[in-house]
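Order-wise, the sequence lines are chains A and B.
Note that the numbering used here gives residue 149 to position 149 of the first sequence, counting from 1, and the numbers run on in steps of one.
If you want the numbering used here, it's the position in the second sequence, counting the first as 1, plus 1000.
Derived from the structure by calculation, the hints contain no laboratory data.
Hints are supplied without guarantee of correctness; some may be wrong.
[What the hints assert, rightly or not] Covered by chain B, according to a simulated footprint, are these stretches of chain A (three or more residues, beta-carbon under 8 Å): (1) 32-45; (2) 79-88; (3) 102-108.
[Unchecked claim] In silico DSSO-like links for lysine-lysine, alpha-carbon gap of 30 Å or less: (4) B/LYS1223 / A/LYS140; (5) B/LYS1257 / B/LYS1089; (6) B/LYS1167 / A/LYS140; (7) B/LYS1257 / B/LYS1167; (8) B/LYS1089 / B/LYS1167; (9) A/LYS253 / A/LYS227; (10) A/LYS224 / A/LYS253; (11) A/LYS253 / B/LYS1257.
Here a beta-carbon is modelled for each residue, glycine too, at the ideal position from N, C-alpha and C.
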Amino acid sequence: MSAVISISGLTKTYAGGHHALEDVSLDIERGEIFALLGPNGAGKTTLISIVCGIVRPTAGTVLVDGHDIVRDYRQARATIGLVPQELVTEAFETVFAAARFSRGLFGRPPDDAYLERVLRDLSLWDRRGDIMMTLSGGMKRRVMIAKALSHEPRILFLDEPTAGVDVELRRDMWALVRRLRDSGVTIILTTHYIDEAEEMADRIGVINHGRLIVVEEKLRLMRKLGKRQLTLTLQDPLAALPQELGEWPLALKANGHELELTFDAALEQTGIPALLRRLEQLGINYRDLNTRESSLEEIFVSLVSERGPGRA
Amino acid sequence: MSGMAFNRHGAWAIYRFEMARFLRTLLQSVLTPVITTALFVVVFGAAIGSRMAEVGGVSYGAFIVPGLIMLSLFTESISNASFGIHFPKFTGTIYEILSAPVSPFEIVAGYVGAAATKSVLLGLVILATAAFFVPVTILHPFWMMAFMLLTAVTFSLFGFIVGIWAKNWEQMQLIPMLIVTPLTFLGGAFYSIDMLPGAWRTVTLFNPVVYLISGFRWSFYGKSDVAVGLSLAMTLVFLVLCLAAVAWIFRTGWRLKH
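Sequences are here, hints too, so could you generate the full structure?
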């Protein structure tokens, strides 16, 4: 795979002095789904806005398909579709006119057959003659996606695409994103819903206080930074941890009824067989046992809180 | 630059979008200025004008027609172009324009082109309306159209700047109300500046609108307050100033991009 977007040393300081991005470098691979995670105000939207040409960078360069976003802005922008976070539409236009406008704006000749396919894909075809201001929030969100897809972009930015949409639309959108990826479109999405990233993304970047703190393949990230836990439900409660179990990182939970072992998901040797043998030797019996892995959400929360603000 | 040299589809999309807005509101867009003009012509031209002397051999009713058309050109151009660019800024849909592969020239061609088209069309409708009430002659039709187009483009550019500058709808109304209408009324729309006392005549010459109206009126009746060449030159100067301001806005991203 080759980088379709190459960001290096990207810095943005707003007029008011707010440092939104600090020296961000990132390569987005062609054809991947990349999820950008970060708390509110972390710099996700600023990063996207710079790549799309809405915000000017203070320093650094961005290449889109080899084209500099400032010098060769036409070529760079022609390949990008953007669905911004805010729900904004041309209030008095019809759905179809809005999609047609977007296609023209991005320099493509009219192709109503293609637009029909896009609108059908988004269940908007029956509403094509509706005036935008009469649509519900979910429908407007669909129109914004249709507009972003109207010029057949090879790269699609989705800034919080499922914020405030119902479950059905969310599922629809996930399916659409997968179909687009299968057709070779690179997708960069920001989201608050970590499960969305967990479900969709090939790679994950975590941004906080304007700095990119982690970029990793999703599975590797979960393996590397994730924790696993083994919980043993004991037959008889223990008052305290016996000294003989001192070599394992154990914790006594549920008033002595549960024994919990936490270990790195990445470890080859978990020490579980030895622990179970030792318990047998000590005559500590258990009724049940289960293991669980930490979710991406837990990893995200620990990453963001661990690294805290870069600077005070 | 390789690839698209001129994104004609982009400029056309903006132009069509703006014209569609005009057609949607055709009735109020056309009816209001037509009624206003008809009132002006009937009241000033027919009722009061019949008791007034001719101005340079032209009946007063006919004399004020070029000024009335100019007044509409100014206000319509400014309001159309400023609304056109201010509305997407206000609603947030400007993100799409800013992220599209369109150059500043194509954006301006779309918005200003549409605004100028509308005001020229309105100008012609007003001319036809006025000709219905008073005898209007056009000695230099080519120059009449040239002045009309130049003025429409120039004031649409000015309106575009106002639309980007304005932070809210109130500010949008400010420039036409506070500057353009007074300058037009004091710019010889309803009188020849020869009618003014000496000192005021000199003051009036600092009003750029005097040159626009004078040149335009010359294309109708062959008579002008100032030399026609000077009128044309002043119109072009204002056009160049507006172009420079627009170029600066796009170079710096002023009130468009952070």
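Do the hints match the structure? See the list:
For the segment 32-45 of chain A, the proposed coverage by chain B is not satisfied: 0 residues have a C-beta within less than 8 Å of a C-beta in that chain, short of the threshold of three. With 5 residues having a beta carbon nearer than 8 Å to a beta carbon of chain B, the segment 79-88 of chain A meets the requirement of three or more and the stated coverage holds. With 7 residues having a beta carbon nearer than 8 Å to a beta carbon of chain B, the segment 102-108 of chain A meets the requirement of three or more and the stated coverage holds. A C-alpha spacing of about 57 Å is found between B/LYS1223 and A/LYS140, which places the hinted pair above 30 Å, so the restraint is violated.
Between B/LYS1257 and B/LYS1089 the alpha-carbon distance is near 11 Å, which keeps this suggested pair within the 30 Å criterion. With a C-alpha separation of about 26 Å, the suggested pair B/LYS1167 and A/LYS140 falls inside the 30 Å cut-off, and the hint holds. Distance restraint check for B/LYS1257 and B/LYS1167: the Cα-Cα separation of roughly 14 Å lies within the 30 Å cut-off, and the hinted pair is therefore satisfied. Pair hint B/LYS1089 plus B/LYS1167 holds up; C-alpha atoms about 9 Å apart against a cutoff of 30 Å.
Simply put, A/LYS253 and A/LYS227 have alpha-carbon atoms about 18 Å apart, close enough for the 30 Å limit, and the pair holds. Straight-line distance between C-alpha atoms of A/LYS224 and A/LYS253 comes to about 26 Å, which keeps the hinted pair within the 30 Å bound. Restraint check for A/LYS253 and B/LYS1257: not satisfied, since their Cα atoms lie roughly 55 Å apart, outside the 30 Å limit.
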